[in-house]
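First to last, the sequence lines map onto chains A and B. Residue numbers for the first sequence follow this note's numbering, so the first one is 2 and each next one is one higher. Residue numbers for the second sequence follow this note's numbering, so the first one is 2 and each next one is one higher.
FYI, nobody ran anything at the bench for these hints, they're computed from the structure. Some clues are possibly wrong.
Identical copies carry no separate label here, and so any pair may be met within one copy or between two of them.
[To be verified] Here are the simulated DSS-like cross-link-like pairs (lysine-lysine), alpha carbons at most 25 angstroms apart as the crow flies: (1) Lys165 x Lys112; (2) Lys82 x Lys22; (3) Lys147 x Lys22; (4) Lys82 x Lys147; (5) Lys103 x Lys82; (6) Lys147 x Lys103; (7) Lys112 x Lys8; (8) Lys147 x Lys8; (9) Lys22 x Lys90; (10) Lys22 x Lys112; (11) Lys90 x Lys8; (12) Lys90 x Lys103; (13) Lys22 x Lys103; (14) Lys3 x Lys112; (15) Lys3 x Lys147; (16) Lys8 x Lys103; (17) Lys82 x Lys3; (18) Lys90 x Lys112; (19) Lys90 x Lys147.
Below are the chains, spelled out letter by letter.
Number of protein chains: 2
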Amino acid sequence: MKALEEKILSEGTVLPGNVLKVGSFLNQQMDSDFIMEIGREIARLYAGENVTRVLTVESSGIAIAVAAGIALHVPCVFAKKHRSANMPKEVYTASVYSYTHKETYEIAVAKDYVGENDRVLIVDDFLANGNAVRGLMRIIENAGAKLVGCAIAIEKGFQGAGDKLRAEGIRVESLAIVDAMTDESLVFRAQ
Amino acid sequence: MKALEEKILSEGTVLPGNVLKVGSFLNQQMDSDFIMEIGREIARLYAGENVTRVLTVESSGIAIAVAAGIALHVPCVFAKKHRSANMPKEVYTASVYSYTHKETYEIAVAKDYVGENDRVLIVDDFLANGNAVRGLMRIIENAGAKLVGCAIAIEKGFQGAGDKLRAEGIRVESLAIVDAMTDESLVFRAQ
């Protein structure tokens, strides 16, 4: 998605520790019209796949996941990062290690919100080490649902997790893949 | 918004402690098309108010806030609930007490994402005791921005926080106001 690459180049900044900060349009602040464009692009890529449900994890994936849900006209579900007071007792859970926050957290989805007849599309803003996606995959597997694929806004290709998933036969569509990243330059994979 | 009241009656459940659970369409699972309808209704209510920015707090407010942003064609910003590793150092913060989780947390918005020329619309899924809205109002005030008003999906009218804000001259538009709630029945305020 050319528009995303251009937006990353013009508004993104590289921080120490291989962090690509895109908080001005994709995370803490969201360019709403652009988020909807991303949602439409995801819907275009997975058209004909009979997706019944979009699944993401709170918080930063919610905006593009709901935009994809709007474009696909299917419900969007987000995994919560810890069991909250209002969470139904019956949940599917998975443990996820976050390199950003240097901690392991539980993600949980109520059993009511994903089932064996579902064809699930995982949506997230970033794919780096793949831990969040792997956690969501375990939840989909536990629910007996079918994973249709993953739709990611920005994949850090140099971390290899996306290509590992592809090698396992999982469809991973990333709207921009950063194959190299320094303070001075970003190299996008040709797609 | 009649459609929201009907959805609450058909899909919502009342849990102990005055909790109204609408996780099947508004929170953990989101009825994407309906979320977009809510966004459009918020945009209709605040049309002509020259809103420049929608502000919410993670996580459950993000979906309708971004839908409102899409419908208003303005950026959507969410306050983070604690300072994260990727958070810019320059942030506006406020303390918020959560009755649901029985704890006080910090909310923070990067100074880059709200400024003195902004006309800000606060959007959230619930208005109960008003603590989250008050925290967002302090951030708007600290930024020197103008609060245009609040757009809430479901207001718990019986908790009084919405009417207190209105009495202070703040515009609060709630798409459904629950004035009484028991296991057996919900009473909506006529609007």
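Problem - Violations among the numbered hints - result: 1, 3, 6, 8, 14, 15, 16, 17
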